[in-house]
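> Okay, here's what each chain looks like letter by letter:
2 protein chains.
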Amino acid sequence: MKAGEDKLVERIVEALADKGGPNLALGVGDDAALSRPRPGYEIILTCDWFLEGSHFLRSKHSPDSVGWKCLARAVSDIAAMGGQPKCFLLSLALPQTLTGRWLHHFLTGLRRAARSFSCPLAGGDTTRRDEILISVTVIGEVRAGEAIRRSGAKPGDLIFVTGRLGEAELGLRSLRSGRTQRGRGDLSLKKHLYPEPRLALGQWLARRRIATAMIDLSDGLSSDLSRLCAASRVGARIAIGKIPRVKVLGGKASKRPDATELALHGGDDYELLFTVRPNRARGLPAAFEGVPLTCIGEIMHERRLVCVGPGEREGTLAVRGWDPFRRRE
Amino acid sequence: MKAGEDKLVERIVEALADKGGPNLALGVGDDAALSRPRPGYEIILTCDWFLEGSHFLRSKHSPDSVGWKCLARAVSDIAAMGGQPKCFLLSLALPQTLTGRWLHHFLTGLRRAARSFSCPLAGGDTTRRDEILISVTVIGEVRAGEAIRRSGAKPGDLIFVTGRLGEAELGLRSLRSGRTQRGRGDLSLKKHLYPEPRLALGQWLARRRIATAMIDLSDGLSSDLSRLCAASRVGARIAIGKIPRVKVLGGKASKRPDATELALHGGDDYELLFTVRPNRARGLPAAFEGVPLTCIGEIMHERRLVCVGPGEREGTLAVRGWDPFRRRE
Chain A
1 MKAGEDKLVE RIVEALADKG GPNLALGVGD DAALSRPRPG YEIILTCDWF
51 LEGSHFLRSK HSPDSVGWKC LARAVSDIAA MGGQPKCFLL SLALPQTLTG
101 RWLHHFLTGL RRAARSFSCP LAGGDTTRRD EILISVTVIG EVRAGEAIRR
151 SGAKPGDLIF VTGRLGEAEL GLRSLRSGRT QRGRGDLSLK KHLYPEPRLA
201 LGQWLARRRI ATAMIDLSDG LSSDLSRLCA ASRVGARIAI GKIPRVKVLG
251 GKASKRPDAT ELALHGGDDY ELLFTVRPNR ARGLPAAFEG VPLTCIGEIM
301 HERRLVCVGP GEREGTLAVR GWDPFRRRE
Chain B
1 MKAGEDKLVE RIVEALADKG GPNLALGVGD DAALSRPRPG YEIILTCDWF
51 LEGSHFLRSK HSPDSVGWKC LARAVSDIAA MGGQPKCFLL SLALPQTLTG
101 RWLHHFLTGL RRAARSFSCP LAGGDTTRRD EILISVTVIG EVRAGEAIRR
151 SGAKPGDLIF VTGRLGEAEL GLRSLRSGRT QRGRGDLSLK KHLYPEPRLA
201 LGQWLARRRI ATAMIDLSDG LSSDLSRLCA ASRVGARIAI GKIPRVKVLG
251 GKASKRPDAT ELALHGGDDY ELLFTVRPNR ARGLPAAFEG VPLTCIGEIM
301 HERRLVCVGP GEREGTLAVR GWDPFRRRE
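Residue numbers (the working numbering), protein chains in the order written: chain A, 1 to 329; chain B, 1 to 329.
It is worth saying that the hints were derived from the structure and are not from the lab. Predicted, not measured: the structure shown is a model, and the values here were computed from it. Any given hint might turn out to be false.
It does not matter which identical chain is used: a pair holds within one copy or between any two.
Below are the SDA-like pairs computed for lysine to any residue, each with C-alpha atoms no more than 25 Å apart in a straight line [to be verified]:
| # | residue 1 | residue 2 |
| --- | --- | --- |
| 1 | K60 | D130 |
| 2 | K242 | P285 |
| 3 | K7 | R326 |
| 4 | K190 | T108 |
| 5 | K7 | E302 |
| 6 | K60 | E131 |
| 7 | K7 | E52 |
Please put together the full structure from these sequences, using the hints given.
Quick look at the structure:
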């Protein structure tokens with residue numbers, strides 16, 4: 001299918017756009033979009049690359065999952081501030097040959113995500129390119145003064161994570177090897193392809209002022225904990241045994257990926273990591289809307305990352321999460 | 001120079017960031033940025049690709065000009081709404097080999113643009129890639145109800161353009177051929193490399209409610225006039241002889257590019273095209289802060305594009321501006 005740029009924009013708008021819904025004064029189709037801020041709220045801004053070859057593979061990742069995930073990962077940054085998404089901008093570069101079926105399924109996944117997160121398309125830019133390039137900007141809002149930053153953790157605060165870590169990394173490995181796991185395997189594949197940003201929990205933590213600092217786990221626990229600690233000018237001690245981790249089943253035991261390694265350094269989980277003063281932590285439920293909340297350690301004054309166990313042995317936590325400038329994928 | 005992603009972000013932040021200036025509650029370094037909207041204002045949102053090979057060439061365009069232009073072209077969309085930029089997000093993908101000198105000069109040009117437009121960096125995303133990929137999101141503001149849309153043109157409105165058209169296209173051709181023009185040539189090169197979004201004029205037109213519709217000329221007069229007319233559900237009649245156009249000098253007359261063609265279909269000028277009711281047009285100055293304002297035609301009820309002249313001959317205006325999905329550059 002041949003499509004000029006204006007035709008392509010029309011198709012995207014048809015599939016996605018909210019022409020001035022409650023969040024927007026003016027949606028797609030002008031030089032820029034207009035959004036009405038609510039009095040008493042701050043605007044949250046974030047953008048995320050999603051690039052073929054770097055973040056997904058055309059041959060392995062369905063266009064539907066690419067559509068869902070490109071928005072979900074940017075929305076996760078809004079969740080990590082305790083905010084609610086308002087709308088998004090889509091920068092999309094595509095080969096001419098993908099403007100038919102591929103685009104259709106991509107837009108289907110993206111539309112489902114946009115509805116699920118109450119985050120309509122507000123605008124964007126399209127161009128032609130040999131590879132699929134996506135950059136998503138999400139605009140969110142949070143009540144003034146309630147946003148949860150990375151920088152508020154204090155010594156003595158307890159460290160919590162949501163969900164089970166390492167699942168998305170396991171899902172990625174199954175997808176690459178072409179072997180999906182029995183039983184739990186499909187769940188980890190789902191987590192890799194269709195991550196669920198923890199919006200409701202983030203907002204709950206922000207409104208009740210429970211969390212002192214928060215970050216989403218996009219690059220892996222070790223990398224993201226290290227970032228939260230750097231921003232807060234503190235260190236952390238975590239208990240390896242307490243980390244809720246993916247269950248690895250099937251295959252020879254010797255060939256199975258190590259669940260602890262997956263949980264410490266695997267990326268793309270989009271769970272939340274947050275810190276809580278001990279007196280507030282007592283009132284925390286064990287799960288929020290079905291998502292487990294687990295205490296894995298505490299913040300300390302000394303600025304280093306310590307992991308404890310197995311067997312009470314202490315060591316330095318290596319920071320080995322995803323870094324595009326450090327390793328070739 | 002080897003740099004992990006966090007180090008790279010640090011360098012960008014050092015060069016550019018406004019850590020919570022008057023526009024920002026929280027700048028770079030968290031999951032997302034926070035911005036305080038001013039009461040009575042609407043937020044303007046726009047994003048723009050700037051891709052090596054598609055929008056610039058590593059061998060021809062200096063990193064300094066790439067830095068300036070990637071922001072200038074996105075800011076031009078804010079100008080076209082009559083708004084003022086508040087801050088921007090930078091999505092940058094780079095080869096490891098360009099994280100030294102190239103990045104330094106890129107950030108220098110970008111910083112100059114950010115200061116010139118009063119538009120500080122608020123956040124972004126970086127990754128590694130074989131080619132330079134840039135997507136810029138600009139967040140602007142405009143008093144509620146004052147934004148100038150594409151859709152407000154009415155039959156009888158006069159059509160104005162700013163500056164001289166076709167200059168940037170001529171500059172691009174000089175740059176590609178390696179021959180810069182004598183005299184005016186440097187000006188068109190400057191226009192191609194360092195475009196100046198018409199922010200002050202856009203805001204003046206919005207505040208005084210002079211323009212009924214407006215668009216910036218990014219893809220060429222024929223394409224962008226066609227978009228404004230489509231959004232307003234009207235047609236236009238323009239006089240070829242009235243279009244302020246680039247002066248083409250030097251070389252054999254037979255080999256000189258045609259100035260009218262450049263003015264009608266050349267992209268990247270980032271001038272403004274706007275419409276004004278005839279009774280308001282009488283009061284318009286011939287120039288605004290040194291930038292000429294020229295009436296080139298009028299809006300008509302019949303939904304087609306007509307060009308008149310030379311010699312009063314009427315024809316259909318072909319829409320042949322830049323379209324990445326129609327032609328290979």
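> Hints the structure violates: just list their numbers, smallest first.
none
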